[in-house]
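There are 2 protein chains.
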Amino acid sequence: MLEAVERKIEQYIADLGDPDARMLYARLPHGKRLRARLILTIAGTSLPAVKTAAIVEMIHAASLLHDDVLDDAYVRRGHPSINAAFDNKTAIMFGDVLYSKGFLELNDIGREVAKVISEAVVRLSLGERNDILLAERFNTDRDAYLNMIDQKTAALIQASAEAAALLSGKDRNIYRTYGRNLGLAFQMIDDLLDITEDAATLGKPAMHDFAEGKTTLPYIYLHEALNEAGRDRLVALHGRPLRPADEQWIRTEMEKHHAIDRSRNEARRLITEAVELMEQAGETSLEAIARSMIERSF
Amino acid sequence: MLEAVERKIEQYIADLGDPDARMLYARLPHGKRLRARLILTIAGTSLPAVKTAAIVEMIHAASLLHDDVLDDAYVRRGHPSINAAFDNKTAIMFGDVLYSKGFLELNDIGREVAKVISEAVVRLSLGERNDILLAERFNTDRDAYLNMIDQKTAALIQASAEAAALLSGKDRNIYRTYGRNLGLAFQMIDDLLDITEDAATLGKPAMHDFAEGKTTLPYIYLHEALNEAGRDRLVALHGRPLRPADEQWIRTEMEKHHAIDRSRNEARRLITEAVELMEQAGETSLEAIARSMIERSF
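Just so you know, the sequences run in chain order A and B.
According to the numbering used here, the residues represented by the first sequence are 114 to 411, in order.
According to the numbering used here, the residues represented by the second sequence are 114 to 411, in order.
What the hints contain is simulated information worked out from the structure, not anything from laboratory work.
None of the values given here were measured: they were computed from a predicted structure.
Backbone N, C-alpha and C define an ideal beta-carbon position, used for all residues, glycine too.
Take these hints with a grain of salt, some might be off.
[Claimed, not checked] Covered by chain B, according to a simulated footprint, are these stretches of chain A (three or more residues, beta-carbon under 8 Å): (1) 129-140; (2) 197-204; (3) 222-233; (4) 249-261.
Based on the sequences and whatever the hints tell you, model everything.
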């Protein structure tokens, strides 16, 4: 089912008539194509659905290219990222090419879908900026974190579900909520895996978020639970490379204070809500997508 | 006349509901607003024309933000660029915000205009990449240079003129050609000023292009005209900071071999052609815009 989407993206890239762009695209990992799967599962495999899925995946790839520059991330899915294999300039520019080609092709789909997707990209861009700003100090504000992941991750997943509902004449609001919950839970799980999994499983360095200054939910909950001395130690470790002993200390303390469980339960609640919405709508395959979100290790 | 455009951009920025984005926008120089002037001169000051002008200027500002990162440029119009005053990350992300908000608002204008503008942004992004790729070695291929500036600079100016013609029911092809000629000449003159003017006039370092590896028309013509020893010297200086004596040598040789005049004449020919097109179309104010292009010093 995703094959049609891959072919469509390749066609969009070929349209550019630029050998360099084709070379760069060939080096991008395809990833899970979660957004495309979501769109096709909701809207079926009509040509507009396949095009929308291809466009959203191109936009998502563009955002990752810029994100890896913003995060100084040099590995993605076990391979050097474009900014590492080439340089930041290449990643920025190729991101711009994918973004703009995506927007260009949106004109072909229909005004409502185009608005939903491009609105999400605005929020996604603001979210990437807010992710960086929040990381300047040890953020303990859970709402600020939730608002940021709502922009950075949930916006495009939510828009994918909503656009697919529009394309297939389904109730946009239900799918919008479903997509938002999925997106929030997806990011929460991603943030958990950064702590619980090792580099080999992740295909990138473990515990990179905290070294980058990002205090995801488990860090916020741990900070809440620690006494003053513990808090001071935790805050002192923020935003710099962790020594193995400090990594171990953080993991042990998180275990002790149930910071991971509390975060995972929060993601689970969002998924349960999403599954219930889909049960009501009689969409059984969307239950599976939602559940796969919290039962993954990378 | 441009006041309405400034207000519209400010409104688009305010729409974002993001204080950080508002702060960053306030720090951006407004520039000449050439593209907005072009659109309003062709299409009048109807709301769709003002909106299109505002969107195009936001997209142009986004491209400059990314361009300054790509070019390691730290000064723009006499002020520190965003990448210098903040960092590359801020410039990348704020560029993404301006791009995506621009694309979002395009949905409001009409499908043909949206296609023309977003197609130009694809070419602009490819052009910025090709600008970097061409600079990797001493490029002597005039056609490769022309194709690159066609993408990087002419595409959006051409699209501005074409979109304005669409909005006002004028012949899109005439305005498209006019805009393309203007854009090519604009970039050629920009490239000349980098050589002929000093840093104080430019509001940025002089002869920066060559240090960045960019062989603009005068360098290509000089290379053609020099004997072998001269060529070797010129090529050896390529892509690194120039000492004052080498700067002086390049200027003297360009003078001797008429490399500047030859380039300026090429820009003039394009402008003359554009002016003739507008005479035929009875658009007197567009003649003035075209002429102002080659009679500027910054």
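Quick rundown of the hints versus the structure:
1. Check on the segment 129-140 of chain A: 4 of its residues sit with their Cβ under 8 Å from a Cβ of chain B, so the three-residue criterion for coverage holds.
2. With 3 residues having a beta carbon nearer than 8 Å to a beta carbon of chain B, the segment 197-204 of chain A meets the requirement of three or more and the stated coverage holds.
3. For the segment 222-233 of chain A, the proposed coverage by chain B is satisfied: 5 residues have a C-beta within less than 8 Å of a C-beta in that chain, meeting the threshold of three.
4. Counting residues of the segment 249-261 of chain A whose beta carbon lies closer than 8 Å to any beta carbon of chain B gives 0, which falls short of the minimum of three for the stated coverage.
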